[in-house]
Amino acid sequence: MSAPGVSISIHVNGETHSISVQPHHTLLQVLRYDLGLTGSKKCCGEGECGACTVILDGRAVNSCLMLAAEADGSNIVTVEGLERDGQLSAVQRAFLDRGGVQCGFCTPGMIMAAEYLLMNNPHPSEEEIREGLSGNLCRCTGYQGIVEAVQEAAGEKQS
Amino acid sequence: MSKTKPEELKGQVVGSPIHRVGGAERVTGRQRYVADILIPNMLHAKLVKLDCAHAKIRSIDISDAMKVSGVHAVFTGDDLPRPLVRFGPIHQDRPLMAVEETRFHGEPVAIVVADTIDAAEEAAALVHVDYEVLPAVFTVEGALDPEAPLVQDPVTRPEGRFQKTNILDEYHFGWGDVDSVTADLVIENDYFFPMVTQFAIEPFAFMAAPERDVMTVWSAVQNPNFLQKVIARSLGRPLSKVRVIAPDPGGGFGGKQHAKFEPLLAFAAQKLGRGIRLELSLAESFQAVRRTAVRVKARSGFSSEGKFLFQDLKADFLIGAYADITPRIVQKSSYAAAGPYKVGSVRTVSRALLSHTMPSTAFRGFGVPQFNWAVENQIDLASRELGIDPVEIRLRNLPEHGEHFLPDDPAADGQWDQVLRKAAKAIGWGTPVGKNRGRGISMGIKMSATTAASYSIVRLHQDGSATVMAGTSDMGQGARTIFSQIVAQELHTPVENVNVVMGDTASVPFDLQTTASRSSVYMGTAILRACKDVQRQLKEAVARKYGSGDPELCEGYFKAGTREITFTQILDDLFGGVSGEVIGVGSARAEKRRNHPLGGHTVFFEVVCSAVELEVDPETGETIIHKLVTAGDVGKALNPQHVQMQDDGAAIMGLGHAVMEHYIFDDNGKLKNSSALDYRIPTSKDIPRKIESLLVENEDGPGPYGSKGVAESGLLTIASAVGIAVHNATGVFFQELPLTPERIWRAIANKKRD
Chain A
2 MSAPGVSISI
12 HVNGETHSIS
22 VQPHHTLLQV
32 LRYDLGLTGS
42 KKCCGEGECG
52 ACTVILDGRA
62 VNSCLMLAAE
72 ADGSNIVTVE
82 GLERDGQLSA
92 VQRAFLDRGG
102 VQCGFCTPGM
112 IMAAEYLLMN
122 NPHPSEEEIR
132 EGLSGNLCRC
142 TGYQGIVEAV
152 QEAAGEKQS
Chain B
144 MSKTKPEELK
154 GQVVGSPIHR
164 VGGAERVTGR
174 QRYVADILIP
184 NMLHAKLVKL
194 DCAHAKIRSI
204 DISDAMKVSG
214 VHAVFTGDDL
224 PRPLVRFGPI
234 HQDRPLMAVE
244 ETRFHGEPVA
254 IVVADTIDAA
264 EEAAALVHVD
274 YEVLPAVFTV
284 EGALDPEAPL
294 VQDPVTRPEG
304 RFQKTNILDE
314 YHFGWGDVDS
324 VTADLVIEND
334 YFFPMVTQFA
344 IEPFAFMAAP
354 ERDVMTVWSA
364 VQNPNFLQKV
374 IARSLGRPLS
384 KVRVIAPDPG
394 GGFGGKQHAK
404 FEPLLAFAAQ
414 KLGRGIRLEL
424 SLAESFQAVR
434 RTAVRVKARS
444 GFSSEGKFLF
454 QDLKADFLIG
464 AYADITPRIV
474 QKSSYAAAGP
484 YKVGSVRTVS
494 RALLSHTMPS
504 TAFRGFGVPQ
514 FNWAVENQID
524 LASRELGIDP
534 VEIRLRNLPE
544 HGEHFLPDDP
554 AADGQWDQVL
564 RKAAKAIGWG
574 TPVGKNRGRG
584 ISMGIKMSAT
594 TAASYSIVRL
604 HQDGSATVMA
614 GTSDMGQGAR
624 TIFSQIVAQE
634 LHTPVENVNV
644 VMGDTASVPF
654 DLQTTASRSS
664 VYMGTAILRA
674 CKDVQRQLKE
684 AVARKYGSGD
694 PELCEGYFKA
704 GTREITFTQI
714 LDDLFGGVSG
724 EVIGVGSARA
734 EKRRNHPLGG
744 HTVFFEVVCS
754 AVELEVDPET
764 GETIIHKLVT
774 AGDVGKALNP
784 QHVQMQDDGA
794 AIMGLGHAVM
804 EHYIFDDNGK
814 LKNSSALDYR
824 IPTSKDIPRK
834 IESLLVENED
844 GPGPYGSKGV
854 AESGLLTIAS
864 AVGIAVHNAT
874 GVFFQELPLT
884 PERIWRAIAN
894 KKRD
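Chain order of the listed sequences is A and B. The numbering of the first sequence is the working numbering, which starts it at 2 and goes up by one. The numbering of the second sequence is the working numbering, which starts it at 144 and goes up by one.
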């Protein structure tokens with residue numbers, strides 16, 4: 002089945018993509034399968050697990066819940082866009098330091114949620130971190146290392 | 144936690160909390176899981192399923208589906224070759240897909256293959272199945288009812304007294320004569336542990352592609368060599384003509400141990416001569432795997448001094464429609480069901496009962512959490528009745544290091560009282576608790592692998608860097624990191640210069656499986672031996688060149704007389720201008736023992752203790768965990784950060800089992816809560832205020848540097864510790880999990896009414 006495509010232009014990690022997408026395809030599908038940006042993961046596909054989290058025009062969104070066509074004209078940052086000149090972001094580094102990564106499947110979404118949290122609240126309390134990440138499921142770590150990683154990235158803990 | 148960068152380490156890489164190998168790939172999104180491997184021109188598959196568990200398939204009409212543009216084929220059970228190929232690690236009872244009858248909700252009746260996933264999905268909805276919903280069994284009682292429908296056709300079952308029942312297997316273990324023991328106190332209760340699921344965040348994804356005469360299958364499987372065998376058998380090929388590529392799983396927890404739909408996909412790929420990709424949704428992944436539910440009838444006898452006189456346990460494991468690995472779970476967990484204690488007499492009778500539910504399979508803990516829920520509650524009740532402190536009563540029954548507690552097995556291999564004492568101290572055992580609060584403590588034991596076969600090749604390159612080939616699956620436990628540390632330590636090369644190659648049966652030597660917390664011990668040993676093999680070859684080269692009979696191995700160099708020759712010098716000497724490498728080979732095997740009830744005894748015991756302090760809100764029944772402690776006898780933490788992560792993760796997974804997780808079915812056996820929100824696992828808001836992981840390290844394990852396996856951890860014991868704590872907080876004794884707010888609230892309300 003192939004419906005007539007919809008032409009969109011999206012800016013992903015600083016690069017502009019003018020592409021034709023299927024009207025029923027989600028932003029996640031287009032990121033992963035049209036642009037090859039497979040860092041964003043699909044787990045539940047219905048906005049409950051956070052594995053597909055990206056930052057779109059300054060807001061964290063579940064890219065599995067948004068149609069790609071709706072994202073036309075928007076500015077998107079995925080996990081692939083966090084490194085600067087080959088340097089990991091503070092959040093990425095802290096996830097390694099604090100043991101916030103195990104199997105790694107939830108990690109891209111978790112990191113994007115953490116980046117968004119710190120963008121809006123540079124010095125969150127532990128409760129605020131737990132609240133801010135509560136839409137992102139992890140089955141390996143028990144979250145302890147992840148919460149500590151966000152604290153470290155916020156400068157609340159020694160790196 | 145202290146962090147030491149590898150370059151700061153002086154010789155002691157093992158035992159240091161170095162960063163996860165592969166961590167940078169995971170935080171940047173570069174790590175490729177199966178679904179991230181995009182191969183051009185692959186076809187896409189979608190499974191067709193019914194809305195019920197047990198159905199008679201009258202006919203399947205694929206004509207409308209075939210009309211969808213881009214559809215290549217729709218295969219049904221009728222297309223499978225006869226005689227039917229069935230697969231399974233214990234009983235070969237599972238067909239590639241349903242034939243004439245479905246036995247669980249989620250069992251496919253057809254597979255649609257198309258150019259795009261959209262076309263496959265559209266066509267799957269147009270496969271018309273004429274079927275009749277049949278009576279089904281979903282409970283222990285239902286399975287045992289003499290009138291119950293039989294889940295498996297007796298014709299396909301082995302002959303024997305259970306052939307025409309839903310009892311698949313029965314196991315008897317124990318010692319002494321339980322019936323003749325006179326006890327001061329006998330406690331008798333039934334316990335129930337529900338169906339819960341692994342819920343790896345990565346849903347199942349598979350690919351199969353025929354390339355020349357080799358069938359390549361991609362699956363994030365914990366057991367690539369076994370999958371290779373299953374595919375080879377189902378396609379009638381030699382092992383060498385099946386290649387399994389197993390990228391690092393995005394979580395496994397046992398759920399990715401055995402074949403699911405890979406044989407079906409490989410069949411379709413062979414038929415079409417094309418590569419095919421199949422990604423399951425999360426709901427489909429829920430329909431594919433779960434932990435076995437268990438009802439335990441426990442009768443326990445105690446002396447007035449708190450001695451454990453007997454355990455008389457009858458367990459009914461509600462397994463799924465096909466055996467998968469579950470009979471082994473029943474067998475193995477039953478064997479040490481009485482816990483890490485010296486018990487006078489034990490009688491355990493366990494049955495595996497078939498039901499019209501998805502096949503239960505391996506799940507972290509492998510049956511132990513289910514028995515632990517019963518046995519530790521029994522011990523706690525005894526301590527109440529006898530007026531003996533729960534820590535003290537356990538201490539009175541723990542074996543000493545070196546003391547036998549299972550007749551056919553090695554003696555206790557650790558100082559297990561230290562595990563209990565550490566956890567008790569950390570939770571503040573014996574100090575007063577506040578209103579509506581309670582503490583609970585429990586211990587558990589799991590036997591590791593009873594057989595093993597791990598092989599490794601270590602290649603020391605001319606520049607001193609090394610490549611390790613090891614067939615373990617790194618699913619988050621950190622095997623890559625541990626193996627890198629061992630090689631870095633032994634071959635004196637920085638961790639960054641070690642490359643661990645896994646997950647490809649065409650290039651990596653055989654490993655039995657990644658299960659039972661075995662990999663550090665068995666594959667670790669194989670790698671260590673391969674490194675020793677490299678060292679031996681270097682030493683021989685030094686002796687040859689410098690005429691020194693017995694060069695001494697030092698850190699990164701050999702001493703031959705007064706000379707000090709570094710590894711890289713030796714390599715240059717060996718290979719000169721032509722280049723080359725030193726190849727070391729190592730293996731670690733544990734053979735079957737015919738006379739042992741399990742076919743072999745464990746090489747180590749994993750012993751853990753959990754302690755919890757919680758508060759129950761009597762108005763809502765909600766549980767607030769204030770502090771959770773796990774302590775484990777790990778022998779030696781090869782990477783303390785990784786051990787802590789395993790402990791924290793197991794503890795929170797155990798907490799999920801304790802207070803929120805269970806499967807719910809409708810009357811037709813359709814799984815109702817197959818989504819993240821409806822099933823519920825702990826989120827960052829559900830974790831305890833404080834969580835602590837404590838280690839006992841006496842370097843007394845059989846693994847490299849005295850290590851033992853650590854990965855089951857608190858999962859064995861958290862549910863019982865939480866249940867006991869809720870009992871202490873509310874005065875209500877619970878026999879069934881999970882301890883949801885509703886269950887607790889109702890129980891408190893009932894107690895008030897009484």
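These aren't lab readings, by the way, just hints derived from the structure by calculation. Since the structure is predicted, the reported quantities are computational estimates derived from the model, not experimental observations. From the three backbone atoms N, C-alpha and C, an ideal C-beta is built for every residue, glycine too. Be aware that a few hints might be false.
As the list claims (entries may be wrong) - Chain A is faced by these chain B residues, among others (derived, beta-carbon under 8 Å): (1) Arg-169; (2) Gln-174; (3) Pro-183; (4) Asn-184; (5) Gly-393; (6) Gly-619; (7) Gln-784; (8) Ser-818; (9) Ile-834; (10) Leu-837; (11) Leu-838.
As the list claims (entries may be wrong) - Simulated DEER-style distance windows between Cβ atoms: (12) Ser-10(A) with Leu-820(B): 32 to 38 Å; (13) Glu-762(B) with Glu-128(A): 21 to 27 Å; (14) Glu-71(A) with Ile-807(B): 33 to 39 Å; (15) Glu-71(A) with Asp-204(B): 36 to 42 Å; (16) Asp-204(B) with Ser-135(A): 54 to 60 Å.
Are Ser-10(A) and Leu-820(B) spaced within 32 to 38 Å by their CB atoms? Hint holds: Cβ distance 34 Å, inside 32 to 38 Å.
Supplied contact hint for Gln-784(B), tested at 8 Å Cβ to chain A: OK, holds: Gln-784(B) within 8 Å of chain A, min 5 Å.
Chain A contact restraint on Gly-393(B) - CB to CB distance below 8 Å: holds (3 Å)
Do the beta carbons of Glu-762(B) and Glu-128(A) sit within 21 to 27 Å of each other? Since the Cβ atoms of Glu-762(B) and Glu-128(A) sit about 22 Å apart, the hinted range of 21 to 27 Å holds.
With respect to the beta-carbon atoms only, verify the hint that Asp-204(B) and Ser-135(A) lie 54 to 60 Å apart. Check failed, 46 Å falls outside 54 to 60 Å.
Can you tell me whether the CB distance of Glu-71(A) to Asp-204(B) sits inside 36 to 42 Å? holds (37 Å)
Would the stated hint for Gly-619(B) survive a check requiring a Cβ distance to chain A of less than 8 Å? holds (3 Å)
Hold the hint about Ile-834(B) up to the distance rule: shortest CB distance to chain A must be less than 8 Å. Check passed: Cβ of Ile-834(B) comes within 6 Å of chain A, closer than 8 Å.
Is the shortest C-beta separation between Arg-169(B) and chain A less than 8 Å? At 3 Å from the nearest chain A Cβ, Arg-169(B) passes the 8 Å test, so the hint holds.
Using the nearest Cβ pair, does Pro-183(B) come within less than 8 Å of chain A? Since chain A brings no Cβ nearer than about 11 Å to Pro-183(B), farther than 8 Å, the hint is violated.
Let me know if the C-beta of Ser-818(B) comes in closer than 8 Å to any C-beta of chain A, holds or violated. holds (6 Å)
Cut-off 8 Å, beta-carbon criterion: hint that Gln-174(B) touches chain A: holds (5 Å)
When each numbered hint is compared with the structure, violations occur for hints 3, 4, 10, 11 and 16.
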